[in-house]
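2 protein chains.
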Amino acid sequence: MNDVPHPSSILDDRVHQKARLGILALSSEAKAVEFGYILKTLELTSGNLARHLDVLEKAELITIKKGFVGKRPRSWISLTTAGRDALASEIRALRAIVDRVERANSLTSGDD
Amino acid sequence: MNDVPHPSSILDDRVHQKARLGILALSSEAKAVEFGYILKTLELTSGNLARHLDVLEKAELITIKKGFVGKRPRSWISLTTAGRDALASEIRALRAIVDRVERANSLTSGDD
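As you go down the protein sequences, you meet chains P and D in turn.
Once you know that position 40 of the first sequence is 40 in our numbering, the rest is easy, because the numbers rise by one and skip nothing.
Once you know that position 53 of the second sequence is 165 in our numbering, the rest is easy, because the numbers rise by one and skip nothing.
Incorrect hints may appear among the rest.
Coverage of chain D stretches by chain P, computed from C-beta distances (three or more under 8 Å per stretch; other residues unrestricted) [said to hold, decoys possible]:
no., segment
1, 117 to 128
2, 149 to 155
3, 158 to 170
4, 174 to 184
It is worth saying that the hints were derived from the structure and are not from the lab.
For every residue, glycine included, the Cβ atom is placed at its ideal position computed from N, Cα and C.
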């Protein structure tokens, strides 16, 4: 134990929230990621995904480009530089949390 | 890219929420952790911490024991077995997310 702030205290709720963390993480894997791919990989409903994309777009962490494949409308999601930086900060904080919990416990090597 | 579910999709919001993750992580470091210590280490307000403790207690992830040090009331927070298991699952999922993002990117080694 010590009294320095725990690494969870620096997490940003815009980025840490489960669905948004998934969206940002997936979007970091390619220049642009298609809406339907995110939908399937994160197991979200369309409405729920749209709502979280809206939060991320308003926070200027992603851009959304709309277009067509044949006659079908498609949306491609890309990280902005701010989005990439925000994800990097989140990942650093998560690693610090994981390392600290694992150091203090044998949690993940147990027989649960 | 692949179409298997992203590790973020298995996160449990009761455990993943920033303050609650901090509470569970700190509580895993000792048999019991005092309210004031959590308050200071997570940089929360009393009301906010009390609200999150209530969520975790109702979910049976922690127990809260009230007592006194001299005349001062004190609360000690302990993980239940279910709480310890839930934290272990969260930590495993976070490690999978971190590993996947770091594999796909040079995010955390960049010059940001």
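Hint numbers not upheld by this structure, sorted from lowest to highest = 3 and 4
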